[in-house]
Structure formats: structure tokens, C-alpha cells
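So the protein sequences, as listed, match chains A and B.
Each residue of the first sequence is one higher than the one before, counting from 1 in the working numbering.
Each residue of the second sequence is one higher than the one before, counting from 1 in the working numbering.
Don't take every hint at face value.
According to the in silico footprint, chain B covers these stretches of chain A (three or more CB under 8 Å from chain B) [to be verified]:
{"id": "1", "stretch": "11-18"}
{"id": "2", "stretch": "79-89"}
{"id": "3", "stretch": "119-133"}
{"id": "4", "stretch": "195-206"}
{"id": "5", "stretch": "251-261"}
Honestly, the hints are just simulated from the structure, not real lab data.
Only a predicted model underlies this, so the values are computations on that prediction, with no experimental measurement involved.
The C-beta atom is built at its ideal place from N, Cα and C for all residues, glycine as well.
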Amino acid sequence: MNDVILSRIAESLTWTGRYVERADATGRILDAYLHRMLEDPWRDEDAACRSLYAILGVDAGADRVDMQQVLDQLAFDARSTCSIEGALGAARLNARSAREAVSSEMWECLNSTWHALGDRRRAARRTGPYAYLELVRSRAALFFGLADSTMSRDDSWRFMVLGRSLERVDMTVRLLSVRVLDAAHAPDWPTLLSASGADEAYARVHSGFGDTPRVAEYLLLDRDFPRSALHALTTAEECLAALGRPRQDPARSPVGRARTRLEYLDTASLEEQLPVLLRDLQQACMASADAVAERFFPYQGPVEWAQEGA
Amino acid sequence: MADIFDAYALADAWDEMFVRPGEVRTAYEPVLAALQPIEPSELRFRADQMARAFTDRGVTYAFAGEERPWPLDLVPRILDALEWDLVRRGVAQRVRALEAYLADAYGHARAFEDEVVPWRLLLGSPHFHRAAHAVEPPGGVRIHVAGIDLVRDEAGAFRVLEDNVRVPSGVSYVIENRRAMTRIFPSLFAEQHVLPVDGYAQRLLAALRAAAPGGAAGDPRVVVLTPGPSNAAYFEHALLARLMGVQLVEGHDLVCRSNRVWMRTTRGEVPVHVVYRRLDDDFLDPLHFRPDSVIGCPGILSAAIAGNVTLANAVGNGIADDKLLYTYVPDLIRYYLGEEPVLPNVESYRPDEPGQLEAVLDQLDQLVVKPVDGAGGQGIVIGPKADKATLDRTRKAVAADPRGFIAQRPVALSTSPTLSGERMAPRHIDLRPFAVNDGDDIWVLPGGLTRVALQEGNLIVNSSQGGGSKDTWVLAEGPAERPEPVDAGPIPAVAPRRLGPDGTRAVVPEGAQQQ
């Protein structure tokens, strides 16, 4: 029987899911931002770009930043896993080292995407990043679609979905953090919605527009929207429930606690609670990811052997 | 250095970009500077990208039986803040006057008693519906959405060409054009502050909600009523419904019972309070209008009369965008509002008035003749360009039915540089700004739809006649209006990202060399 998977494979799968999600989310955020900046007559390019860096957890440096630099660093930089190209490259290499656990179609999807990026990058430098970002979005969707239809719902699947879900929570929390901590430089609520791919879904539910703090409630607490923090936490918890110990699981409990907290949150006072809540959510995700790593991917660095007495 | 503007020869009309060859208007300077160094092949590449993006998004129109991508030219049409202020005031004024006229015509009929407008204009109109007398529109709004067609004449002055207050369409193209331009040609926007157009759906929804009948004060339910996917404007109906987050319904999704309108859902029948209908009056309600209409909703007009549902735009608005009434609108502005028209009409003749028919028939070859209820550029005869047979046919038609036509001085529509093959060439354009009336305020979407006649010299810009479009920019006023930058201190640091294995190995496993 083949019902066990190597720790190394599990780790690769988790990070494949995580990196593809990261590329997807980063692409959406960049697209929404760049579009908004072109449409906004009063834009302050430097401040807007800096808030982008803050969301994506990259140091912007001391000099003025413009859109070209944003794209170079947050989209086209193949050496940093915080940029789209770097994340997709890392996802590809991780998938390659778990080649027998991911289906061929999934691997080909990542591989062909990686090879197609160069062309799109060159086109993007000429005409703008739209086609590049679109490719990233559609290939990420293709990848997860293929995973959905070609992977058994076994532990491999769970590790990948777990990685994706934790990254989703992280990304949503980052978006909201910048808005909550520094509303003056942050993007407006509708931009946050479209950066999460949630604008149309939100309009349908609230039959209105995302120009209120209700957006924060939606992105955190909505039960049905797949990128909301609550939905992603629920998914992560399901994966961990199937993977881990039945009780006292250090990986599952931070996620479960955060999930129940969101589930029964008093929405009336959400605005005051937000700064603390966002920080706690981020810490819960980190604690869970650390516990997962500790338990499932016991890491041993490459061992160097030396001749005794030499 | 040769560039795409080299052979640009001004036509015999006002040019939007150039004062005279080589001298560019101030508002266009940055765009010209950005376009000039671009190779024609590069422009082609972008145009193809644009066409593909439109095809993928389903932004198409039917031409000769096939789906064509919406034609958007790469050169924007630019209005500076001053020009726009004039257009905005003129359009709002026009809508206010037409609202007053509708309220009057379906009310006390003062304008007819005072002989500002002859009675026959009302009673002879095919769009005059007695049923509309009984409808009391909430907030007094009958024109929730208007599209006013403007042209610029030879001297550069804007003139109103026609009013559309029934089901004006095209606003989705304004939104899609901007979306496409910012994505395909972002560098063009770098130097100028262009007012955004994405607030339209929000304004529209607010106006529709404000128009809800009094009984539904809490949370009125708004729907968009479409004739269905085979309609040429279906894309627009779906886009607006999606942006507003409301249901897109067809006639048979609605049911009327005891003068209320419901929609059929999986959770039972749900009440509907405001119907933004994109159907003509004639098809709206087979019980009142055309009995053979299968796309309407039987009983919906009775529900509107009973005050349980609001139809937007109101039934019977057709009397206000009749082209013969158009000739009276400047008088209506003076009569109802006590103001002078901000935007003049194009000089027109009314063949149904004594003496004018003969004048029109005498100089038919120098006039433009339009049927009063034509749409989409159909039936228009441009005298100076028509052949003898057409003129003879038109002469007979006008003589037989003087009420059915108006005649106008031919205006040489302004031109704008448009990509034609590998070069820029002047093409005639018009402008349709869109106004939304929520009862308190008439808001005009910054810009509007600029349509282009793609054939050289052609004056008819409708897409059903081979017309294209341009993204329409309204420039924000100078930096004087710029809000004070808020100094909120440094941007907070957000936790760094988690980094995982990037898949590369620290040690190269040499032990397993392939042989």
C-alpha cells in the first residue's frame, strides 16, 4: 500500500500550494493597484507604491518608488519568492522535487507557465503588465483546477490545500492591515475588494458598493466567499483535522481557535477590534505553520561527515 | 523623423487635436508626445491585443451576422476641465427641461395651453401613452438615465444633435473602453489626470433605489429587465447588473399579481420594487402595448400605475425624445427653467409647419433629413451626398408625411486622429454623455461615449453602420484643486513573508551521476 508520503514531499506540496496562491494573490493586488492609480487623478505614486510594498512585506528602501520599480521587484524578480516570478519559480521547483506526487498535468501547467513568463515579461516592459498578470491569474486557476480534478483526496492533497489556505489568510490579513494601520496611504475599500477578486461577489451579497468598512467584515468573516479569512481558516482546519492528532494538536489548535473567534465575533465592534484581531490572525497562521513544519517535516540539514582523528 | 502623424491632413472641420497642421491643442500635448515615437507596427500590435481582449471579455457587437470585437481606437478624445464644465451644465439643463416637459405633458399641460408647443405634437406622437398619465413617479423622476448626443460644429462649439430619454445605451462601452485603455496602453495616462468613470454603476444604483415606491422604504429590490441574450445590448445589461450586484431578469422571470411584481426564485416569489428596464415601451407589457410581445411582463404597467413598482425610465418618455420635439427644447428651457440654453441645437426645419415644408423641399439637396423616430442612424438622408433617386424618394416621403421628418443644416462633425492602417487620419466623431437623475441631483458621467465614423468623410457614427469608438477623457482641473496630501507619518511595517524551500538544493547530489 502506498498510503504514506515522505516528509520531504509533503513539505514541497505545501509550499507549491502556497507559492502558487502567493503568485495569484500578488498578481491580483498589483492589477487592482495599478489600474486604480491610472484612474485616480490625485494619485501620489510614491505613497501608493510604498503601501504596496508594505502589504507584500518587502522593504521599499529610502528612495522614491514608482510603478516600474514595483513591477521589477514585486512581479519580475525571479530571485525573491515575494515576487510573482520568484514564487512561480519556487512552486515549479518544489513541484519538480515532488514530481511523483503531483499529476503530470499539474507539473506541465507550472512548467509551461514558467517558460511562458519570459515572453510576457518582455511584452509587459513594452506595453504594460496587463497581459503578464492575466497569464499568472489564469495559470494559477488552471493549476488549482487541475489539482481539484486530478488529485486523490489523500494527504498529498491536504498538504497542498493547507499551504494554499494559510497563504490566503495571510494575504487577506496583510491587505487589511495596511488599510487599518494607515488609512491615509492605503488603497480605498473598492480597490481592496478587487485586489481580493471579491468585488462582484460582494456586490451580489450586499447589493451595493465596497466603499464602507463593511468590506473588512466581508473579507474576514464571510462564510461563503473562498478568499475570506474565515473560509480559508475553515478549509485549513479541515485539512489539519484529517492530518493531525485528534486532540491537543499544536498545529490545529491556533487555526481552530482563530476560526471560532471569527465565527462568533461581535461585528458591531469590529472596527475597534481590527488591529488586535489582524495581529492575532497573523500569529495564529505562523504558529500553525511552524507546528506543521515541526511535526510533519522534521528537518535535518545536510550532514557533513569527517574522518575521525584527521 | 517620419512618424504616424506625418501625413495627417486636416479635413474641412474642427479638429480635436490640431489647431492647424503641426500645431497641437494644449490638452493633447502629452498624448501626442507619447504617441509620436511609436512605430506603426507597435500600434498595430496593441490594437490587436485590444481586439483580442474585447473578444475574450465578450465585448462584441453583431455586424453583418458575425460577432466582431468592439472597435476602440487607440487615440483618446480629450475634454479639458472648462469644456467639460460647459457640457456637464448643458446636459443637466437639458434633462431638467425634458423632465419638466414630461411632468407637464402627463399633468396640467401648461406648455400646450400657453402655446409653447402645439398640441398636435403631443397627440400625434406614437410614443404618447395615455396610461402614463396615471403613473405618479416617486421623486418626480421620469428620466433616470439620459444619453444626450452632442456634436462639435465647424467653429468648435458643442451642439445637441438628439436626446435619448427612453433606453439610452452605450455606457458599458465607456466603462470597458477605459478598462481596456488603462490595461493595454497604461503609459498614455502617465502625464495627465483623467477623471475616473467607474462610479457610474454606483450612481445608477443609488438613483434607482431612490426611485423606489414609498412602500418599500427599507431595502428596495432593484432588477435589470433585459429582452434576453439575443439583444444587441445584452452585454451592457449584464455588465450593469453585475456591477450593481442586482438580478438580471427576463420578462418571464417576473410575475404580476394583485398589482405587485414578483420574481420567481428557488426560494419562492420575491417582491421587486424598481425595474430598470431595457425594453421599449411597445414590448414592455403585452396587456397594454403590443399583445404579441413575448419578452415583456404582463401586468407590470398596472403595477406601476398602482404605485407598487417603479419603471426606470418611465413609460411614455418617447414624447420627449421625438426629433420634432427636439426643435422645441430651447424654447422649453426658457419656458420651464427661465434660463438660456447652455448648448444650442443644430439649426432645424419643421416640415409640418406652414411654409417650412416648401422651404425644405426646395433645398433638399443641401439639408439632412431625419425621420422623427428613427434610431441607430437609420433612414437619415444627407442631401449633399445623396444621389438623385434618393432625393426624389425622400421628397415624396416628406411631402406625404411632414410630421414624420425634420430637416437640419448639415454639420461637419469635428474630426479626431484615428488609426487607419499604418497612419493617423482624421475621422468624424460625436459624443454621448450619460446623465443619471436621482431626484435631487443630475449627475453626468465624466466623459461619455465618443463614436467614430471609420470610413473617410462618413458622418454617421453608429456602430450598426460600421462606426468605432474612442476612450473619452475629462481632464481634472489643475493642481489648484488637489487635496492637501495627508501626512500620516511613515507607512507601518507589516510582518515579513514566510519563506519556504525554494526547491533548490544546497548540496549537489553528485553520487547519482547518470551514465
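Against the structure, the hints come out as follows:
1. 11-18: holds (count 5)
2. 79-89: It holds: at least three residues are needed, and the stretch 79-89 of chain A offers 4 whose Cβ sits within less than 8 Å of chain B.
3. 119-133: holds (count 6)
4. 195-206: holds (count 6)
5. 251-261: Contact hint for the stretch 251-261 of chain A vs chain B: violated, 0 residues under 8 Å.
Going through the hint list in order, the structure does not satisfy hint 5, though it satisfies all others.
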